[in-house]
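Engineer: The whole structure should be built from the sequences, with the hints applied where relevant.
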Amino acid sequence: GFSVTQTFTDNRNLSATDRQAESVTVLSPRVQISSRSGRVRGALDYSLNGVIYARNSSANSVQNALSAVLNAEVVERHAFIDARASISRQSISALDLQGNRPDVINPNSTELRTFSVSPSLRGRLFGNVDVEAMLSSSISSSADHRASDTFSHSGTVRIGDSSRRLGWSLS
20 GFSVTQTFTD NRNLSATDRQ AESVTVLSPR VQISSRSGRV RGALDYSLNG VIYARNSSAN
80 SVQNALSAVL NAEVVERHAF IDARASISRQ SISALDLQGN RPDVINPNST ELRTFSVSPS
140 LRGRLFGNVD VEAMLSSSIS SSADHRASDT FSHSGTVRIG DSSRRLGWSL S
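Quick note on numbering: the sequence shown equals residues 20 to 190 in our numbering.
Derived by calculation from the structure, the hints in this document are not laboratory data. For each residue, glycine too, the CB sits at the ideal point set by N, CA and C. Some hints here could point you the wrong way.
To be verified - Here are the simulated distance ranges between beta carbons: (1) V50 - G146: 41 to 49 Å; (2) S54 - S77: 50 to 58 Å; (3) S173 - S34: 39 to 47 Å; (4) R60 - T28: 40 to 48 Å; (5) R177 - S34: 49 to 57 Å; (6) R184 - F21: 51 to 59 Å; (7) A35 - R177: 49 to 57 Å; (8) R184 - S56: 31 to 39 Å; (9) G186 - E92: 22 to 30 Å; (10) G174 - D29: 28 to 36 Å; (11) H172 - V150: 15 to 23 Å; (12) G186 - Q51: 38 to 46 Å; (13) R55 - P138: 19 to 27 Å.
Structural biologist: If you want it as structure tokens, here you go:
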């Protein structure tokens, strides 16, 4: 899809003392794809906002927005991969100007990118004992490095028996 938004404002900086009129055009091409069947399932929603200021062209920008999810069954009933990615506008400080509208000049916002992947293995031992092992890794970073980058890694192993009325598990 494609959309065009035109905004006319008498206060482009959202300032109580320095009000400035502006005309802002936002051009937004968008792609949406999804698969909900088979061993690979997922959805992708991506849009690109081209922001054009009539009076303050130095504020023109290109902004990304992404939401993506992938779930794959690599080996039937035994090996899986879950992955997620996103790009969004976020406020940097809770004490400053809030909001993430593309038509407002906001020095307190940045483009935040996140990605996570979680492979896992599942199986049965001795006929009754369920075993699951999962690793998770994620990364978050801002486009202009004005917000902190984060990295995290974790692992989980669960063993249990849920075949009886009173089951047990160990993580």
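Engineer: Against the structure, test the hints numbered earlier, and report the numbers of the ones violated in rising order.
Structural biologist: 2, 10
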